[in-house]
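Protein sequence lines, in the order shown, are assigned to chains A and B. So the first sequence is numbered by this note's numbering: it starts at 958 and just counts up by one. So the second sequence is numbered by this note's numbering: it starts at 144 and just counts up by one.
The hints are simulated quantities; they were obtained by calculation from the structure and are not laboratory data. These numbers were taken from a predicted model, which means no experiment stands behind them. Where is the CB? At the ideal position from N, CA and C, for every residue including glycine. A portion of the hints provided could be inaccurate.
Distance condition first, Cα-Cα at most 25 Å in a straight line; then the derived BS3-like pairs of lysine-lysine [what the hints assert, rightly or not]:
hint: 1; chain 1: B; residue 1: Lys-164; chain 2: B; residue 2: Lys-358
hint: 2; chain 1: A; residue 1: Lys-1652; chain 2: A; residue 2: Lys-1700
hint: 3; chain 1: B; residue 1: Lys-172; chain 2: B; residue 2: Lys-158
hint: 4; chain 1: A; residue 1: Lys-1652; chain 2: A; residue 2: Lys-1696
hint: 5; chain 1: A; residue 1: Lys-1282; chain 2: A; residue 2: Lys-1343
hint: 6; chain 1: A; residue 1: Lys-1146; chain 2: B; residue 2: Lys-158
hint: 7; chain 1: B; residue 1: Lys-169; chain 2: B; residue 2: Lys-279
hint: 8; chain 1: A; residue 1: Lys-1645; chain 2: B; residue 2: Lys-169
hint: 9; chain 1: A; residue 1: Lys-1652; chain 2: B; residue 2: Lys-379
Negatives, chain B to chain A, calculated, CB over 10 Å [what the hints assert, rightly or not]:
hint: 10; residue: Met-315
hint: 11; residue: Arg-415
hint: 12; residue: Phe-424
hint: 13; residue: Pro-465
Ranges between beta-carbon positions, derived for each pair [to be verified]:
hint: 14; chain 1: B; residue 1: Arg-385; chain 2: A; residue 2: Ile-1143; range: 20 to 26 Å
hint: 15; chain 1: A; residue 1: Leu-1545; chain 2: B; residue 2: Arg-385; range: 53 to 59 Å
hint: 16; chain 1: B; residue 1: Arg-385; chain 2: A; residue 2: Glu-1073; range: 34 to 40 Å
hint: 17; chain 1: A; residue 1: Val-1140; chain 2: B; residue 2: Gln-220; range: 57 to 63 Å
hint: 18; chain 1: B; residue 1: Arg-439; chain 2: A; residue 2: Pro-1693; range: 55 to 61 Å
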Amino acid sequence: MQWWACRRQDRLNRGDVSAIAWFLGNFLALVSLSSVVNLESSFSLIPWFALLASGSVFQFPRLPGRIPPWFWKLSNVLLVVFLVIDFVRTEFVQALINLNVLLILLRSLAYRKKWEDMQLILLCMFVIVISGVLSMSLSFGVHIVLFSCCAMALLFVINLRENGMDMAVNAETFQHFSWIIFVQHIWRKMNLRHFAFGLFLFGILISVTAVIFVSFPRFHMGRGIPFLQIKSATSYTGFSENVKFGEITSIKDDNSVAMRIDIPDVANFPSAPYWRMLVLDYYFNGHFGVSEDAKARREQQPESNRFGYRPLTLNQHYPDLGEEKWTFYLEGGVSRFLPTTGVYRDILFQKQESFFFNRYHHTLNTEDVSPAVQFYQVRGMSFADKIPDPNITSTLTPITKKLLEDPDFFSPAEYPATTLVVPVNDEERDYLKESVEKIRSRVPDNDPVKFAYVASQWLASEHIYTTSLNAHTGSGDPVVRWIRSGDGGHCEYFSAALVLLCRTAGIPARVVTGFHGGTWNGYENYFMVKNSEAHAWVEVFDGDNYWVRVDPTPGGTQDIINLNQATTEVESFVDSSVTAYVDSLRILWYRRVVNFDNQDQIEIVNGFSITMEALMEDIRGKLKAFANEFKAMLQDPFNKERMTLFGVTFGFLFLVYLLVRILLSRLRARAYFKFFGTRKRKRIVQLKDRVLAGKLLLRYHQRLESSEASSDVLQSVSDLQIIRFGSVNRWPTVSPVLKRARKLIKTI
Amino acid sequence: MSHSSTNLSARDVQKHAAALKENISKVIKGKEDVVEHLVLCLLASGHLLIEDLPGVGKTTLAYSLAKSLDCDFSRIQFTSDMLPTDVIGVNIYDDRVREFSFKKGPIFSNILLADEINRTTPKTQSSLLEVMDRGKVSVDGETFAVGDPFIVIATQNPVDYEGTFPLPDSQMDRFFMRLHMGYPDFESEIEILSARENSYDNLSLETMITPEEVKGCQSMVKDVFVEDTVLHYLVKIVEATRTETEFRHGVSPRGALALKAASQARALYYGRDFVIPEDVFSMTLPVFVHRLALKRSTSDPLEERRVVTSLLRSICDSVPQPI
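Start from the sequences, fold in the hints, and give me the full structure.
Here it is, written out as structure tokens:
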């Protein structure tokens, strides 16, 4: 049975406090280590090992007591040796993080002294901030919040220890340790008021941080701190510059989100847009790639362009591109080619970026694969299926003619010509020609795009779409082999086949890889594209300055969907699963925290002032109305209607008040009943008096400690004692005693 | 002092107790707390074990109590060759009336001073068991009541002394309190030394209180009110001794009863007819310290007592008092 008074005086003892401090420190270590693990970079196994070791020590706090003392001496030497090697071997940032991880591990393996606790806090802070800056992921937000909670609590506890009780944990503290008993023990002694106070402090911290965050001026550091960069692991296969036929399969099983897009207007948004990333113009024996020539022609942008770029070619051909902003959040490690529709007015980066623009392919790539999320904003984007390439018509036409006359003619592998080369042997070429003839018979005029459409239909009639593939082995060109086999295939197969057919027919064609489709996240209103939505399709040259998109894969559609209209189609298109909800938290983080810039600041301030103005206006209006009402009442004070209303309202309020009173006293009474299992009302009244007297005694006790008590006070104390502890039969009249005591306490 | 046992009030008991204490303090100088505990023990009708080195005034204390109460007093000097019959008495065949007649031993009195109780064998020590519990003696199937009030004041030397038999736990548990005299302080010792006479027989003490009044006070103690939360507090302390891992065993319910009686006695001693937590708190140590033993064996019994005392103190500090 818990008596309320006992609860209040129960306090944590020294051992508890030091154990709590130790656990808090180790929890900090766990948080910071997990943030390093979360970096997902090729950092070796050290953070994993550290996390495991630190976690097991957290679970079994007896372990550090069993570490022999020579370990510590040895570890210092080993640490120095390891670091020297590490700094020579790897990048600066990696070595720095490794150093920190090892130091944190060593601290968390020991029973720490006070200064070691302080060290641990600093180390953890460093690690969390560094990994946060590197990854900029949502988990950084979680880590930093956990960190600030625990660090505050730890500092508080350390400070407690400072005040007169210096004790460190040691092996004896955890001799008979069990988590269940420890938690119960702490829970029993926990002072809820202190806990609430801690929460209050934390709330203040958060709000101050928020104010600073919103009001602090933004500046771009970007690559201003050059060593704060790490190289990511390689990008996904399929989005690199050289793709082997049949390689894309693996990515189809990856259901994680590859990019998120904030779209300006939900109306007239294509349900399955094509996000171009990479154009593969070169083909040889099952390998598609960007030809060396095309690579050489892409332009590295000058320093002045590093925050954004406006491709001039597009403005010429699409003069009516709008000003709407599309914000892309490309996940780290996907590719260094940035997905867009290929047609846009300009592109802006969040930080200074070193990038290349290939104006023949209309693709844009950064220097390295970004390890963290890559943000860029595209303005005036169009979903047209034509990409302009104005300068190649003159080059292409003569080559096409020549090639048709002499199929074995190989031009030097220069860019536009690479889109025409079919490097197969004669027998295969004959087969291809045969097929082309079959297709051509169904095309009325000589239009290249129509040919491509019909060829697609022909391929779809011969092959089914499937992602489970048979392994094709054999000699000769793998694409031709596939066309002949009649087996099923996926987008890559269809595209490759179409490219070869078109090229055989003398139509320049190239493979484009990227994403196709995506789902709408209704929680935060943005567009999600998953890795499994990676796709490959074909662009054919229409002989007149444009490359036209043709998707030979069966089921490839492009419908305009209006998200404002609730159709069944929209519903299937909107993702409202739990994973989508979790994902929406990330976009919130990117939008509101990471990408928070001057403009957002201005918007927030504006929004605030507008809301405030509206509020003030509202209040003013209400006050005026009230004043008018009041005036009317003064003019006619005894209006029957008003009086009734007044009476009814007053009566109702009074009734509510009474009800609440009764309910509260019932509840309180029930609490007492519960304690003593009795149902005598008289007893409860007595208990209340006892409680009151006890409280007054406590106050006396607190105040009398230092001063002399007068005889009046002594009398009052002994009366209170009778009420609190004495038999009811001997009680003096209660209320005057309490009254007198209250009065006397004030005088002390 | 003419009150009869029926209409005593708490104030009267306080007066009696204070007078008694003052009287004894005339002889036992500078040991206020020991004297207070002695008085409490009398009020709670418990038996007292005084333990210390020879010559610090154990026997004097017992004598002074006996002299202050106008009661029958007998003293047994325990030795190793003593038999239970030497304590209780013996049936002797009377040739004249041709039947056994019981010859009462020194135990038939009000105050029994069992001097150096640990010098005798366990057999003889155990002869005190029944009388300490019930105030009665059974000999050959016949029961005899001893004096009323009845209090045993036993003295003993520390157990590690040569030629002693440590009291068994069952015997220990029957003692209400165990007290230490300790050395007197400087001033008190000067006072002792400057006195002309220092033998027991010349103690100049008045009789302060009659056996009737003692009985009245003792029955008052049983009526002292113990409020629920205070009782909870008491039981929590008792429970804490049972869960403390260092102790071989916790305090028995008899011990808990003793603590309650001691707290009630203390309340009366301070003129209250109800117990406050402070009573329980301050009586825990003297009532419990001899009832507990350490799990790990110590070579030095004095060291063991010190550890037990400090553990008990920490228990008292850790159990929260009701407000």
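(message) Flag every earlier hint the structure violates by its number, smallest first.
(response) As far as the earlier hints go, 6, 7, 8, 11 and 13 are violated by this structure, in ascending order.
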